[in-house]
Amino acid sequence: MEKEIKDTNLNITPEMFKRIPRDDIEAEKIARPIITFWEDVWRRLKMNRAAMLSIGIIILLVFMVIAGPHFNKFSFKEQNAQALNISPNGTYWFGTDTAGRDIFTRVWVGGRVSIVIGLVCAFIAMIVGVAYGSIAGLVGGKVDNIMMRIVEIISCLPYLLIVILVCLWLNKTNLGSILLALSLTSWTGTSRMVRGQVLSVKNEEYVLAARTLGVPTWKVIIRHIIPNVLAIVIVGLTFDIPGFIFSEAFLSYMGIGLQPPDVSWGIMSSEAQTQMMFYPYQLFFPTLMIALTMLSFTLLGDGLRDALDPKLRK
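Take 1 as the starting number for the sequence shown in UniProt numbering and just add one per residue.
Read the hints as simulated data drawn from the structure, not as lab findings.
A portion of the hints provided could be inaccurate.
As the list claims (entries may be wrong) - Cross-link-like lysine to aspartate or glutamate pairs, in silico, DMTMM-like; alpha carbons within 20 Å at most:
| hint | residue 1 | residue 2 |
| --- | --- | --- |
| 1 | K46 | D262 |
| 2 | K202 | D144 |
| 3 | K219 | E205 |
| 4 | K219 | D306 |
| 5 | K46 | E204 |
| 6 | K219 | E204 |
| 7 | K77 | D302 |
Make a model of the complete structure from these sequences and hints.
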(Lines of atoms letter the chains of each structure in order from A and count residues from 1; the text may use other names and numbers.)
(Lines give C-alpha, C1' and ligand atoms only; values in the text may rest on other atoms or scores of the structure.)
Protein backbone atom coordinates (compact mmCIF):
# COMPACT_ATOMS: atom_id res chain seq x y z
CA MET A 1 0.00 0.00 0.00
CA GLU A 2 2.77 2.43 0.92
CA LYS A 3 4.51 1.64 -2.37
CA GLU A 4 1.39 2.49 -4.37
CA ILE A 5 1.03 5.81 -2.52
CA LYS A 6 4.63 6.70 -3.28
CA ASP A 7 4.12 5.91 -6.97
CA THR A 8 1.13 8.25 -7.19
CA ASN A 9 2.80 11.03 -5.23
CA LEU A 10 4.75 12.43 -8.17
CA ASN A 11 6.54 15.73 -8.20
CA ILE A 12 4.43 17.53 -10.82
CA THR A 13 5.45 21.14 -11.40
CA PRO A 14 4.08 23.79 -13.82
CA GLU A 15 7.39 23.80 -15.68
CA MET A 16 6.57 20.31 -16.97
CA PHE A 17 3.77 21.68 -19.13
CA LYS A 18 4.02 23.84 -22.21
CA ARG A 19 1.21 26.22 -23.05
CA ILE A 20 0.14 26.07 -26.70
CA PRO A 21 -0.88 29.51 -27.94
CA ARG A 22 -4.23 29.75 -29.71
CA ASP A 23 -3.97 31.28 -33.16
CA ASP A 24 -7.25 32.44 -34.72
CA ILE A 25 -5.99 31.77 -38.22
CA GLU A 26 -4.92 28.23 -37.40
CA ALA A 27 -8.17 27.63 -35.54
CA GLU A 28 -10.18 28.51 -38.66
CA LYS A 29 -8.01 26.40 -40.93
CA ILE A 30 -9.91 23.53 -42.62
CA ALA A 31 -8.08 20.25 -42.76
CA ARG A 32 -9.93 19.08 -45.88
CA PRO A 33 -10.25 21.51 -48.82
CA ILE A 34 -13.73 22.49 -49.94
CA ILE A 35 -14.61 21.18 -53.40
CA THR A 36 -17.67 21.71 -55.53
CA PHE A 37 -20.09 18.99 -56.54
CA TRP A 38 -18.65 18.67 -60.05
CA GLU A 39 -15.09 18.63 -58.73
CA ASP A 40 -16.06 15.76 -56.47
CA VAL A 41 -17.71 13.98 -59.41
CA TRP A 42 -14.51 14.32 -61.43
CA ARG A 43 -12.44 13.07 -58.47
CA ARG A 44 -14.56 9.94 -58.14
CA LEU A 45 -14.71 9.42 -61.90
CA LYS A 46 -10.90 9.40 -62.08
CA MET A 47 -10.90 6.53 -59.59
CA ASN A 48 -12.89 4.42 -62.08
CA ARG A 49 -10.28 2.91 -64.41
CA ALA A 50 -12.83 1.57 -66.88
CA ALA A 51 -14.45 4.98 -67.24
CA MET A 52 -11.10 6.72 -67.74
CA LEU A 53 -10.08 4.11 -70.32
CA SER A 54 -13.35 4.66 -72.15
CA ILE A 55 -12.73 8.43 -72.18
CA GLY A 56 -9.32 7.81 -73.72
CA ILE A 57 -10.81 5.54 -76.40
CA ILE A 58 -13.52 8.09 -77.23
CA ILE A 59 -10.96 10.88 -77.55
CA LEU A 60 -8.82 8.67 -79.80
CA LEU A 61 -11.80 7.75 -82.00
CA VAL A 62 -12.86 11.39 -82.34
CA PHE A 63 -9.30 12.37 -83.27
CA MET A 64 -9.07 9.61 -85.86
CA VAL A 65 -12.40 10.39 -87.55
CA ILE A 66 -11.22 14.00 -87.89
CA ALA A 67 -7.58 13.48 -88.88
CA GLY A 68 -7.46 9.81 -89.93
CA PRO A 69 -8.49 10.31 -93.58
CA HIS A 70 -5.50 12.64 -94.04
CA PHE A 71 -2.93 10.06 -92.92
CA ASN A 72 -2.62 8.57 -96.40
CA LYS A 73 -3.08 9.68 -100.00
CA PHE A 74 -6.26 7.74 -100.77
CA SER A 75 -9.77 9.12 -101.04
CA PHE A 76 -12.72 7.23 -99.59
CA LYS A 77 -14.45 7.40 -103.02
CA GLU A 78 -11.41 6.55 -105.14
CA GLN A 79 -11.73 3.20 -106.92
CA ASN A 80 -8.72 1.27 -108.20
CA ALA A 81 -9.37 -1.70 -110.49
CA GLN A 82 -5.78 -2.86 -109.94
CA ALA A 83 -6.21 -3.12 -106.16
CA LEU A 84 -9.32 -5.21 -105.59
CA ASN A 85 -9.69 -7.11 -102.30
CA ILE A 86 -6.11 -6.59 -101.16
CA SER A 87 -5.35 -7.76 -97.63
CA PRO A 88 -3.93 -5.27 -95.10
CA ASN A 89 -0.33 -4.38 -95.94
CA GLY A 90 2.12 -1.50 -95.80
CA THR A 91 0.31 0.47 -98.53
CA TYR A 92 -3.30 -0.31 -97.67
CA TRP A 93 -3.27 -0.49 -93.87
CA PHE A 94 -6.76 -1.96 -93.56
CA GLY A 95 -6.83 -3.47 -97.04
CA THR A 96 -9.20 -2.66 -99.91
CA ASP A 97 -12.78 -3.64 -100.71
CA THR A 98 -14.36 -5.18 -103.83
CA ALA A 99 -14.20 -1.82 -105.63
CA GLY A 100 -10.54 -1.20 -104.79
CA ARG A 101 -11.27 1.53 -102.23
CA ASP A 102 -9.01 2.01 -99.24
CA ILE A 103 -10.79 0.67 -96.14
CA PHE A 104 -8.66 2.69 -93.69
CA THR A 105 -9.86 5.99 -95.15
CA ARG A 106 -13.45 4.78 -95.47
CA VAL A 107 -13.56 3.62 -91.85
CA TRP A 108 -12.71 7.06 -90.48
CA VAL A 109 -14.87 8.98 -92.96
CA GLY A 110 -17.75 6.64 -92.14
CA GLY A 111 -17.06 7.17 -88.44
CA ARG A 112 -17.79 10.88 -88.88
CA VAL A 113 -21.32 10.09 -90.03
CA SER A 114 -21.98 7.49 -87.34
CA ILE A 115 -20.65 9.61 -84.45
CA VAL A 116 -22.42 12.76 -85.69
CA ILE A 117 -25.72 10.87 -85.83
CA GLY A 118 -25.18 9.52 -82.31
CA LEU A 119 -24.25 12.89 -80.80
CA VAL A 120 -26.84 15.03 -82.60
CA CYS A 121 -29.76 12.66 -81.98
CA ALA A 122 -28.77 12.26 -78.33
CA PHE A 123 -28.57 16.03 -77.77
CA ILE A 124 -31.91 16.60 -79.52
CA ALA A 125 -33.48 13.91 -77.35
CA MET A 126 -31.98 15.50 -74.25
CA ILE A 127 -33.12 19.06 -75.03
CA VAL A 128 -36.64 18.14 -76.11
CA GLY A 129 -37.08 15.53 -73.38
CA VAL A 130 -35.88 17.85 -70.60
CA ALA A 131 -38.12 20.70 -71.74
CA TYR A 132 -41.18 18.49 -72.27
CA GLY A 133 -40.77 16.50 -69.05
CA SER A 134 -40.08 19.61 -66.98
CA ILE A 135 -43.24 21.36 -68.17
CA ALA A 136 -45.39 18.28 -67.66
CA GLY A 137 -44.07 17.60 -64.17
CA LEU A 138 -44.09 21.20 -62.98
CA VAL A 139 -47.53 22.20 -64.30
CA GLY A 140 -49.22 18.89 -63.42
CA GLY A 141 -52.96 18.29 -63.51
CA LYS A 142 -54.75 17.90 -66.83
CA VAL A 143 -51.77 19.28 -68.73
CA ASP A 144 -49.58 16.53 -67.33
CA ASN A 145 -52.13 13.84 -68.19
CA ILE A 146 -52.52 15.06 -71.78
CA MET A 147 -48.78 15.41 -72.34
CA MET A 148 -48.05 11.95 -70.96
CA ARG A 149 -50.74 10.36 -73.12
CA ILE A 150 -49.07 11.94 -76.15
CA VAL A 151 -45.75 10.45 -75.04
CA GLU A 152 -47.32 7.01 -74.72
CA ILE A 153 -48.80 7.22 -78.23
CA ILE A 154 -45.47 8.28 -79.75
CA SER A 155 -43.61 5.58 -77.81
CA CYS A 156 -45.82 2.90 -79.38
CA LEU A 157 -44.68 3.83 -82.90
CA PRO A 158 -41.76 1.65 -84.11
CA TYR A 159 -38.85 3.76 -85.25
CA LEU A 160 -38.41 1.60 -88.38
CA LEU A 161 -41.87 2.68 -89.51
CA ILE A 162 -41.01 6.30 -88.72
CA VAL A 163 -37.82 6.08 -90.81
CA ILE A 164 -39.67 4.61 -93.77
CA LEU A 165 -42.44 7.23 -93.59
CA VAL A 166 -39.97 10.11 -93.27
CA CYS A 167 -37.92 8.86 -96.23
CA LEU A 168 -41.09 8.50 -98.33
CA TRP A 169 -42.26 11.95 -97.29
CA LEU A 170 -38.92 13.60 -98.12
CA ASN A 171 -38.50 11.34 -101.17
CA LYS A 172 -34.83 10.80 -100.31
CA THR A 173 -32.56 9.10 -97.79
CA ASN A 174 -29.67 11.18 -96.51
CA LEU A 175 -28.12 12.31 -93.26
CA GLY A 176 -30.83 14.89 -92.60
CA SER A 177 -33.70 12.44 -93.06
CA ILE A 178 -32.04 9.88 -90.76
CA LEU A 179 -31.49 12.52 -88.08
CA LEU A 180 -35.10 13.64 -88.35
CA ALA A 181 -36.49 10.12 -88.26
CA LEU A 182 -34.44 8.99 -85.25
CA SER A 183 -35.12 12.22 -83.35
CA LEU A 184 -38.91 12.16 -83.72
CA THR A 185 -39.43 9.45 -81.11
CA SER A 186 -36.11 9.38 -79.23
CA TRP A 187 -37.03 12.05 -76.64
CA THR A 188 -39.93 10.17 -75.05
CA GLY A 189 -37.79 8.13 -72.64
CA THR A 190 -35.90 11.21 -71.47
CA SER A 191 -39.14 13.13 -70.93
CA ARG A 192 -40.55 10.38 -68.71
CA MET A 193 -37.38 10.22 -66.68
CA VAL A 194 -37.20 14.00 -66.24
CA ARG A 195 -40.90 14.20 -65.34
CA GLY A 196 -40.37 11.70 -62.52
CA GLN A 197 -37.47 13.71 -61.15
CA VAL A 198 -39.43 16.98 -61.41
CA LEU A 199 -42.34 15.51 -59.46
CA SER A 200 -39.97 14.77 -56.59
CA VAL A 201 -38.28 18.18 -56.74
CA LYS A 202 -41.14 20.60 -57.36
CA ASN A 203 -42.46 20.38 -53.78
CA GLU A 204 -39.14 21.45 -52.29
CA GLU A 205 -39.14 24.71 -50.34
CA TYR A 206 -36.96 26.69 -52.76
CA VAL A 207 -39.21 25.82 -55.71
CA LEU A 208 -42.37 26.70 -53.77
CA ALA A 209 -40.76 29.97 -52.66
CA ALA A 210 -39.85 30.88 -56.24
CA ARG A 211 -43.36 30.17 -57.49
CA THR A 212 -44.89 32.08 -54.56
CA LEU A 213 -42.78 35.13 -55.42
CA GLY A 214 -44.19 35.05 -58.94
CA VAL A 215 -41.12 33.76 -60.78
CA PRO A 216 -42.13 32.70 -64.32
CA THR A 217 -42.39 28.97 -64.97
CA TRP A 218 -39.58 28.98 -67.51
CA LYS A 219 -37.22 30.63 -65.03
CA VAL A 220 -38.16 28.09 -62.35
CA ILE A 221 -37.36 25.30 -64.80
CA ILE A 222 -34.00 26.78 -65.84
CA ARG A 223 -32.77 27.90 -62.41
CA HIS A 224 -34.17 25.26 -60.07
CA ILE A 225 -35.49 22.21 -61.93
CA ILE A 226 -32.88 21.51 -64.61
CA PRO A 227 -29.81 21.76 -62.28
CA ASN A 228 -31.38 19.11 -60.04
CA VAL A 229 -32.12 16.68 -62.87
CA LEU A 230 -28.96 17.36 -64.87
CA ALA A 231 -27.00 14.49 -63.34
CA ILE A 232 -29.45 11.79 -64.38
CA VAL A 233 -29.86 13.42 -67.81
CA ILE A 234 -26.09 13.29 -68.42
CA VAL A 235 -26.03 9.60 -67.56
CA GLY A 236 -28.95 8.97 -69.90
CA LEU A 237 -27.15 10.90 -72.64
CA THR A 238 -24.10 8.64 -72.50
CA PHE A 239 -26.35 5.60 -72.87
CA ASP A 240 -28.35 7.11 -75.75
CA ILE A 241 -25.32 7.87 -77.95
CA PRO A 242 -24.31 4.21 -78.57
CA GLY A 243 -27.97 3.33 -79.10
CA PHE A 244 -28.28 5.84 -81.94
CA ILE A 245 -24.99 4.72 -83.47
CA PHE A 246 -26.24 1.14 -83.49
CA SER A 247 -29.61 2.24 -84.91
CA GLU A 248 -27.90 3.99 -87.81
CA ALA A 249 -25.66 0.98 -88.45
CA PHE A 250 -28.67 -1.35 -88.33
CA LEU A 251 -30.71 0.80 -90.72
CA SER A 252 -27.82 1.07 -93.18
CA TYR A 253 -27.17 -2.67 -92.86
CA MET A 254 -30.82 -3.38 -93.69
CA GLY A 255 -30.67 -1.05 -96.69
CA ILE A 256 -33.16 1.54 -95.42
CA GLY A 257 -30.64 3.98 -93.99
CA LEU A 258 -27.92 5.94 -95.74
CA GLN A 259 -27.18 4.83 -99.28
CA PRO A 260 -23.95 4.83 -101.33
CA PRO A 261 -22.01 6.91 -102.31
CA ASP A 262 -22.40 7.99 -98.69
CA VAL A 263 -20.35 5.93 -96.28
CA SER A 264 -20.87 4.90 -92.67
CA TRP A 265 -19.93 1.94 -90.53
CA GLY A 266 -23.32 0.40 -91.23
CA ILE A 267 -22.94 0.76 -95.00
CA MET A 268 -19.46 -0.76 -94.87
CA SER A 269 -20.76 -3.71 -92.83
CA SER A 270 -23.61 -4.23 -95.28
CA GLU A 271 -21.28 -4.18 -98.29
CA ALA A 272 -18.78 -6.53 -96.61
CA GLN A 273 -21.26 -9.22 -95.57
CA THR A 274 -21.25 -10.83 -99.02
CA GLN A 275 -17.46 -11.19 -98.88
CA MET A 276 -17.25 -12.27 -95.23
CA MET A 277 -16.19 -15.86 -95.98
CA PHE A 278 -13.39 -14.84 -98.36
CA TYR A 279 -12.30 -11.41 -97.06
CA PRO A 280 -13.26 -11.21 -93.37
CA TYR A 281 -11.07 -8.14 -92.75
CA GLN A 282 -13.55 -6.04 -94.77
CA LEU A 283 -16.21 -6.70 -92.13
CA PHE A 284 -13.86 -6.77 -89.15
CA PHE A 285 -12.75 -3.13 -89.10
CA PRO A 286 -16.15 -1.33 -89.31
CA THR A 287 -17.75 -3.71 -86.81
CA LEU A 288 -14.75 -3.27 -84.48
CA MET A 289 -15.27 0.50 -84.51
CA ILE A 290 -18.98 0.10 -83.79
CA ALA A 291 -18.23 -2.22 -80.88
CA LEU A 292 -15.49 0.02 -79.45
CA THR A 293 -17.67 3.14 -79.63
CA MET A 294 -20.70 1.49 -78.04
CA LEU A 295 -18.62 -0.17 -75.31
CA SER A 296 -16.76 3.06 -74.49
CA PHE A 297 -19.90 5.15 -74.09
CA THR A 298 -21.58 2.41 -72.06
CA LEU A 299 -18.63 2.14 -69.65
CA LEU A 300 -18.51 5.93 -69.40
CA GLY A 301 -22.19 5.98 -68.54
CA ASP A 302 -21.67 3.41 -65.80
CA GLY A 303 -18.82 5.46 -64.37
CA LEU A 304 -20.83 8.69 -64.45
CA ARG A 305 -23.77 6.98 -62.77
CA ASP A 306 -21.53 5.91 -59.89
CA ALA A 307 -19.75 9.27 -59.69
CA LEU A 308 -22.98 11.27 -59.67
CA ASP A 309 -24.66 9.13 -57.02
CA PRO A 310 -24.54 11.14 -53.75
CA LYS A 311 -24.99 7.95 -51.72
CA LEU A 312 -21.51 6.81 -52.80
CA ARG A 313 -19.80 10.03 -51.76
CA LYS A 314 -17.04 9.59 -49.19
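Now for the hints, and whether the structure bears them out:
For the given pair, K46 sits about 38 Å from D262 by alpha-carbon distance, which is inconsistent with the 20 Å threshold. Only pairs whose Cα atoms come within 20 Å are accepted, and K202 paired with D144 is accepted, the gap being roughly 14 Å. For a cut-off of 20 Å, the pair hint linking K219 to E205 stands: about 16 Å separates their Cα positions. The straight-line distance between the Cα atoms of K219 and D306 is roughly 30 Å, outside the 20 Å bound, and the hint therefore fails.
As the CA atoms of K46 and E204 are separated by approximately 32 Å, the hinted pair breaks the 20 Å bound. The hinted pair formed by K219 and E204 meets the criterion: a straight-line CA distance of about 16 Å does not exceed 20 Å. A threshold of 20 Å between alpha carbons decides the hint, and for K77 with D302 the separation of about 38 Å lies outside it, so the pair is violated.
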